[in-house]
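Line by line, the protein sequences give chains A and B.
The C-terminal position of the first sequence is numbered 108 in this note's numbering, with every residue numbered one higher than the one before it.
The C-terminal position of the second sequence is numbered 201 in this note's numbering, with every residue numbered one higher than the one before it.
If you're looking for bench data, these hints aren't it; they were derived computationally from the structure.
Ideal Cβ placement from N, Cα and C applies to all residues, glycine included.
Be a bit skeptical, because a hint or two may be false.
Unchecked claim - Stretch by stretch, here's where chain B covers chain A in the computed footprint (C-beta under 8 Å, at least three residues):
| # | region |
| --- | --- |
| 1 | 4-13 |
| 2 | 16-30 |
| 3 | 33-43 |
| 4 | 50-60 |
| 5 | 73-79 |
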Amino acid sequence: MSALTLFFLASLLLLALGLVGLITRRTLVGLLISVELMLNGAGLSIVAAAKLTPSSDIHGQLSALFVMGLAAAEATLVLAMIIVVQKRFGQVTTEEISSINPKTDKII
Amino acid sequence: MNQIIETILGFLKSPLNALDESLSQSLPDQSYAALAAFAFYCLVVLAGGLTAVLSRNLVRAMMGLILTFLGVAGFYLLLACPFLAFMQLLIYVGAVCVLVFFAVMLTKNSAVGQEQNLPSLSHIILGFLAGLAPLAILTPMIIKHAPNYQITPEPTKTSLLGRGLLSSDVVPFELISIILLVAMAGAVFLVWRKKPDKKPN
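Start from the sequences and build out the full structure, keeping to the hints where you can.
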């Protein structure tokens, strides 16, 4: 089993953990944590593919840096959304806020 | 800057180097040391990830997330990308985790939160099945079809990364700065209090 396979399996582990968290978590903060896990797995697989194959090393590392920047931007926006949801509805549970009356902003 | 990074990383890697040296005396091949380090980082990632996903306390879940980030930084060190490992610590542990912590704090669900009441057992089992289904497809595919190169990763100079950012990858670099700016402005706009007489939040 080559090193590339091992690193791909590790990033696959991160993806699976993130997916399980995305499905079983009940609050928006938990979902944010799971998404960060999956993004980490993506970055790891990009770097492994760049370093352990003859492809361009620099481009792989830069792509991983871009993934990190996108993750930071995404976390900022999700934090703002969570604050807005918390202010309006008083909770961030996914099942409770999944059905909202658009006219009155009340949870049905 | 490079020297500082190398000093810090040398400090971080020193246990690994010691392991490397002790193993190289008895073994002709150093790949066993790398394999041991890989297994250790895998354990760290697994433990951290399981805590992050399954813990009912969100602060504890965040600690698991930090542990996972540290493990992934270790993977980057193993792949000879010290700059990426440093950035991983700086951006994820330094910035993203603080943001998540703010989210936990501002929604007031750290200890007695809405994550406390467990979902039903069938929900958890179905969640695991649905989450692991892609794994069942992708794992055999990777094991079967991943290209088999015998390449030892060589460290790249950080100056080459900077040069790449300003020459070949300048468009994505500028785009990501625009995205960060827009995200920040959007976040400020979203939580802006509409009443003019009160201080903006």
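Right, here's what the structure says about each hint:
Look at the region 4-13 of chain A against chain B: 9 of its residues bring a Cβ nearer than 8 Å to a Cβ of that chain, three or more, so the hint holds. Counting residues of the region 16-30 of chain A whose beta-carbon sits less than 8 Å from any beta-carbon of chain B gives 15, enough to reach three: the coverage restraint holds. With 6 residues carrying a beta carbon less than 8 Å from a beta carbon of chain B, the region 33-43 of chain A meets the three-residue requirement, and the given coverage holds. Restraint check on the region 50-60 of chain A versus chain B: 7 residues with Cβ-Cβ distances below 8 Å, three needed, restraint holds.
Counting residues of the region 73-79 of chain A whose beta-carbon sits less than 8 Å from any beta-carbon of chain B gives 7, enough to reach three: the coverage restraint holds.
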